[in-house]
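Put together the whole structure using the sequences plus the hints.
Number of protein chains: 2
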Amino acid sequence: MMYRAKIEVSLKSGHSDPEGEMTGQSLRELKYSVKSVSVSKVYEVYFEADSRQEAEKQVDEMCRRLLANPTKDDYRFEIEEVK
Amino acid sequence: MMYRAKIEVSLKSGHSDPEGEMTGQSLRELKYSVKSVSVSKVYEVYFEADSRQEAEKQVDEMCRRLLANPTKDDYRFEIEEVK
Chain A
-10 MMYRAKIEVS LKSGHSDPEG EMTGQSLREL KYSVKSVSVS KVYEVYFEAD
40 SRQEAEKQVD EMCRRLLANP TKDDYRFEIE EVK
Chain B
-10 MMYRAKIEVS LKSGHSDPEG EMTGQSLREL KYSVKSVSVS KVYEVYFEAD
40 SRQEAEKQVD EMCRRLLANP TKDDYRFEIE EVK
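Here the protein sequences come in this chain order: A and B. For the first sequence, position 26 matches number 15 in the working numbering, and the numbering has no gaps at all. For the second sequence, position 55 matches number 44 in the working numbering, and the numbering has no gaps at all.
Since the hints were derived computationally from the structure, they do not count as laboratory data. Being a predicted model, the structure only gives us computed values, none of them experimental. Treat each hint with caution, since some may be false.
In this list, chains with the same sequence are indistinguishable; a pair is considered to hold if it fits within one copy or across any two.
In silico DMTMM-like links for lysine to aspartate or glutamate, alpha-carbon gap of 25 Å or less [what the hints assert, rightly or not]:
1) Lys1 / Glu45
2) Lys1 / Asp49
3) Lys72 / Asp39
4) Lys24 / Asp39
5) Lys24 / Glu43
6) Lys61 / Asp39
7) Lys30 / Glu10
8) Lys(-5) / Asp49
9) Lys72 / Glu45
10) Lys61 / Glu37
11) Lys30 / Glu67
The structure is reproduced here in structure tokens:
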């Protein structure tokens, strides 16, 4: 079966987010009343797996092995079967 | 009032996504049956605005002026008031 995973990888709270800080600064220079900005990344992955359970296991592994840095990132994901 | 906007900026379809392609290649090297990967960015912005209508107008402007490249990016956002 083909599955689509939408995986959001974001910094753990307490870790500095230079890109978010720079974006906040740029928005304030454009005169918006911005308090804070944080940036995260979303991966949309289409892949094959034998079952939904297997698909969830694989996506969790992908995050731990490649997509998220366990020291500084949190991740969460949704999976749906696609035709 | 304080608002939180969650803004997703993704490549328009048809534009090449080198980061997504590289990620797909790395996942296939790890033996996952990955068909395709696309990468997008999510900005979470806390900001002040006078009303919900004004908040939506400002976020749309932020996207067009700074966060999204009109040539190659699509964007969509959700806004909620925060206490």
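Hint by hint, which ones does this structure get wrong, listed from lowest number up? Those not satisfied are hints 6 and 10.
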